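Number of protein chains: 4
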Amino acid sequence: MVGGSLDAFIGEVHRKAAALDSAFELVCGAFSSSPEKSKATGEALGLNPNRVYGSYKEMIEAEVKLPENERIQAVSIVTPNHVHFDPAKLSLENGFHVIIDKPLAFSLDEAIQLKEIVDHTGLILAVTHTYTGYPMIKEAKHFVDSGKLGDVRKIYVEYPQGWLSTPLEQEGNKQASWRTDPTKSGEGGAVGDIGTHAANLAEYVTALKITELSADVNITVKDRLLDDDSAALLRFNNGATGVLMATQIAAGEENDLKLRVYGEKAGLEWTHSDPNTLMYKPLDGPSQRLRAGTGYLSEAATLNTRTPAGHPEGYLEAFANLYLAFHRAVTDHINGELKPLSEYDFPDVEDGVRGMAFVKTMIESGKSDKKWHKITG
Amino acid sequence: MVGGSLDAFIGEVHRKAAALDSAFELVCGAFSSSPEKSKATGEALGLNPNRVYGSYKEMIEAEVKLPENERIQAVSIVTPNHVHFDPAKLSLENGFHVIIDKPLAFSLDEAIQLKEIVDHTGLILAVTHTYTGYPMIKEAKHFVDSGKLGDVRKIYVEYPQGWLSTPLEQEGNKQASWRTDPTKSGEGGAVGDIGTHAANLAEYVTALKITELSADVNITVKDRLLDDDSAALLRFNNGATGVLMATQIAAGEENDLKLRVYGEKAGLEWTHSDPNTLMYKPLDGPSQRLRAGTGYLSEAATLNTRTPAGHPEGYLEAFANLYLAFHRAVTDHINGELKPLSEYDFPDVEDGVRGMAFVKTMIESGKSDKKWHKITG
Amino acid sequence: MVGGSLDAFIGEVHRKAAALDSAFELVCGAFSSSPEKSKATGEALGLNPNRVYGSYKEMIEAEVKLPENERIQAVSIVTPNHVHFDPAKLSLENGFHVIIDKPLAFSLDEAIQLKEIVDHTGLILAVTHTYTGYPMIKEAKHFVDSGKLGDVRKIYVEYPQGWLSTPLEQEGNKQASWRTDPTKSGEGGAVGDIGTHAANLAEYVTALKITELSADVNITVKDRLLDDDSAALLRFNNGATGVLMATQIAAGEENDLKLRVYGEKAGLEWTHSDPNTLMYKPLDGPSQRLRAGTGYLSEAATLNTRTPAGHPEGYLEAFANLYLAFHRAVTDHINGELKPLSEYDFPDVEDGVRGMAFVKTMIESGKSDKKWHKITG
Amino acid sequence: MVGGSLDAFIGEVHRKAAALDSAFELVCGAFSSSPEKSKATGEALGLNPNRVYGSYKEMIEAEVKLPENERIQAVSIVTPNHVHFDPAKLSLENGFHVIIDKPLAFSLDEAIQLKEIVDHTGLILAVTHTYTGYPMIKEAKHFVDSGKLGDVRKIYVEYPQGWLSTPLEQEGNKQASWRTDPTKSGEGGAVGDIGTHAANLAEYVTALKITELSADVNITVKDRLLDDDSAALLRFNNGATGVLMATQIAAGEENDLKLRVYGEKAGLEWTHSDPNTLMYKPLDGPSQRLRAGTGYLSEAATLNTRTPAGHPEGYLEAFANLYLAFHRAVTDHINGELKPLSEYDFPDVEDGVRGMAFVKTMIESGKSDKKWHKITG
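Protein chains in written order, with my numbering: chain Z, 1 to 377; chain F, 1001 to 1377; chain B, 2001 to 2377; chain H, 3001 to 3377.
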């Protein structure tokens, strides 16, 4: 693991997600740019002190020298965005698979380079667009794929948060600080942090691509340096249209990603605050409340659940589902049995590149008086 | 009453709304352009046959000749949009107050003319933007007014319906036919039918005005002549931004107008499917579930409820609240005691004009490659 | 109308319910035991002063002397329980149909006498068990009747209120005072006021009868004279079992009557706080959310709705549905075309008698150490 | 681990719960009464084959001979009820701490014996009443403890499931088979399987004890040997009353444990289908929606959450919270620093004994014509 010292948020999430199903064992790490913090984290996690490193470079260099059956198989990168590219590149170039927090990189350029390295090395790179790991998102995708909606016509995806309603970054909040710092986050604030999740979810479930968008991108809180609020009108490659809303100044909201997809024959609704439910709304009959863990779901949904209906699973389980899928791919790769990536069903480097293209286009559009901007990437 | 024959929808709603609190007694009508249908409707309603007229002209002309204590006081106009202006004008010019279904008129021009007539005659004209009649909408307005949100920053308003997902207008559905017919509805389809409600609600609750918008306006169903789907990015006169969504092709949705307002200090959420609840979401404490009929609500909310908490009131009661407010103004006018209109708290001719300006700007913006369009009106 | 002066709650509800659909016109009343209050109420309601009476006796005596086409057709009795029997008896004996607030009477004896008078006179008597008037309750009944649940096995019905959590009756609250006064309410407090609604609803929807019960009946608030809390284990005539909970000391609850019925093949759930929804839960598929006003409902549900799906109807509309059904029966009676009462689908004198038998048995059981008590009546 | 072969449900839950926070490492097991199945399970879990045993006796005997720093610290018992007592006894007598699935034992007698052994050995025994591990249950307990409800007056606890609506046990369903088999489950079916959870939760949150109950216990499905449905009127040691419902024939229900507690000043509501929310309902103000992961919660709630508000945690996390608390106690015990058990806040052997006393009293009451039965134990 690169990053994820004890006071970080997402590093611990990655660790628990990997531990839940015992898919991966955490054996080494460079948990902080401060060697002391890295060491303290390793100790707290009960790691062998010899494998707690002062930097990711040190880690990669040391691990690659270990015998094959001792060295790591994959690197989990959980640092802020500006420290994604270098450790990912180094890991891949030394033969290690990579799982990396979103967005993939600091810029679209970096993302494209990473894709080239992945293509070149043939290694596995997963990006943790967590929400695609939920079983009822798998079911939603299955409903669209199997034609139950007919042609998709309208997509609403929203991601309201309220935690940046005040200038937390000026009050020493670590999570707020790097997320609102353009030297660490890149071009996008809310757009990169949560807008990418929203765009990814919409594309994942519908198997469509956003081709054009018209964005309103705002800095709401005084003296903030990056956007904390955004919305966009969307056009998709099948002619469908949509609306995306991603904001961090919706006072009182938590983390309520919500997706609604409407087709000729039916609508679907999924919301993160009730993740084990998917509402299916046919045109001419009662809405149906599909529930995780039941016997009537698709194979993909079932594969991503651990308990019977009525036993809520949540964010860590969804995250763990990504780790499981990544683990399947890594294992098959090691055994020389890698199948086409789509069969593993995790967000890969292409999703990561699209995410960065989305950020770039949103920011451009937000500054432009032209209505529609094409996404390329 | 003008319009509202037995097979119409909104006419019966107006009648029940007026009857619920016995605010107005229905004494005469021209219920249809077909004298036979008008007559049959009057009979079914138990009216004096002498006061069931073959046309609104006939009605106004006859009524104005009756002694003052027998003739009507106000005219309720519930026809399709293209038959709003003429009967409203005639009524006002003959001294009758008017309550009229939204949108106010067929075009912005007509609306402006009506405003001039109202200004000139000093009579009362109410437009039935029903949703402003709900008690928890009054409470939401009260929360904003009293500063509980601080400055408003973000407004989401959405109005998803699904009933026009198929070409109902080609299958003889009367409601669908005139709503999708530009010669009867005017420029806007969904934009006029439900978008105006959404825009009106956002402005009403926040006491802000939409100054600019960027719209995506679509005809989704093949061969339809007017838009059935729309969305817009919004800018308000205090610098707040917003998103409006109004669609009639959201398969499986009913009539779920929803408003969310976020300020510096808190958010508010109201949804038409649970109209007796208002969620208040302060930044630093638990969300609160405010309920109609309770003792802790504002005077305006209480005035618009009939039963104690836990006794659901709905659409007809909200509609009746408009009639009650209109009735108060009419009574005061008749008694020569009219107060400033804002004290009666019903949507008036200015709201009607703004609605038509909204429609015009949405349609223009939808066709334009320029991003932002100013609303004037 | 007997009772229902301006400061009463339920009288105004009856008036609005009758007015909503213009089923009945209110023409006279004895609104209070105080002639002054009666007069003031009549004036406020715009009645002919000659027909505002000082007592119900005076009213009945005067009205019966009017010509047939002028006199009243039916009497609405909305007084506290101890003033149900006498005016009902007098009305029936003078040829007037009666609609009466629940519970039917002060005691089971009175109720049985009323039934005899009804049987003898052949007149119509309706008891306003409001909740049976909701369209989705009609739908629930239809689901049970049509076998979609298979044999009913388990019934949960609950009616939690919180408004009597404090000794309101000692603070001059009029509603609380008579409801907690055994000389006005009869044997039952919460049991009579809301328990009867719960029992009636369970029996209505399932078409079953409670045969035995085991009750826990409590006075929770100090110095209160009647029960404010109760629960019972139930046995039904088909072998099904159930639980009934009726309490007025559930702090923070409003008026949340809820019914759940489970059969061999499916369950049903309806709750008063979301009355336009009925959840249907088949054993082996997703739950379905049935909604009032949609096209897929039964005839009985549709008959009891006024607006399309998504336009919430509530308590007053449900109440008005009882008035409509009563009106149909009264009209047919007057026209000499009365059909079997069950076809009109309103709670009648037999339901009223059962309600009183329920109260009596609950109170007896609450005081007894024997587990099961049979309901007779 | 004792029990928990690959086709079991709860064994895998225990394993994931222990793995999530890396509190315990699974190092050995006797996963089945079939040595082959045990071996296969151990292999699938990647255990050292030398520590995969053919029986729990073999396991305890072998482990106790290992050097202290190699041998197990605690035994997790996840077998059906009839195989709880023997392995628990043997583990404790050999110095191993025990965590055991509920109910504690096959009978009250066994439970009392286990308590004596625990008292005698001074070792730690935890019973996995999972639902007490939820953060919002901790918060509910905190609200009651800190007096926000005043004296508790009424408690409703319900646990409806539908999965035993059909005779699954006759169709080879393993989960159903042992649960409906009196030789494996003991006296209680639904009463033991889920009723004990409900009773435990009510007592845990309120810190009250059920002193008497009056139960209705039913076998609903033909030819079933144990109860599949039950309900009871409850009396608590402070004078409060309550209702408990535990059924497995509520067709269409999943696993919706729900607790409502009403005091003099407020009510609380928690439901397992939305476990990260606690509704707090004060008498005179709006209900409040308290949410897991927020900054305003008590220490106990916060200690039992892993992610910020809006990141749903669920059943496995609640289960893991029990393991964490048990782990803290075990660690302190090993370090000779054991504090009073209540400080660790997990269900212990006394809770287990009370559970068995509850089952015994429910079954007795169900068969009796006497209304109230005292719980002793």
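Hints in this document: simulated from the structure, not taken from any laboratory.
It is possible that some hints are incorrect.
[To be verified] Sample of chain H residues at the chain Z side, in silico, Cβ under 7 angstroms:
(1) Leu3020
(2) Glu3068
(3) Asn3069
(4) Glu3313
(5) Tyr3315
[Claimed, not checked] Where chain F lies over chain Z, by a calculated footprint (3+ residues, C-beta under 8 angstroms):
(6) 42-54
(7) 161-169
(8) 187-196
(9) 215-224
(10) 241-250
Computed from a predicted model, the values in this text were never measured in an experiment.
We put the CB at the ideal spot given by N, CA and C, even for glycine.
Going back to the hint list, which numbers does this structure go against?
Going through the list in order, the structure violates hints 2, 3, 6 and 8 and respects the others.
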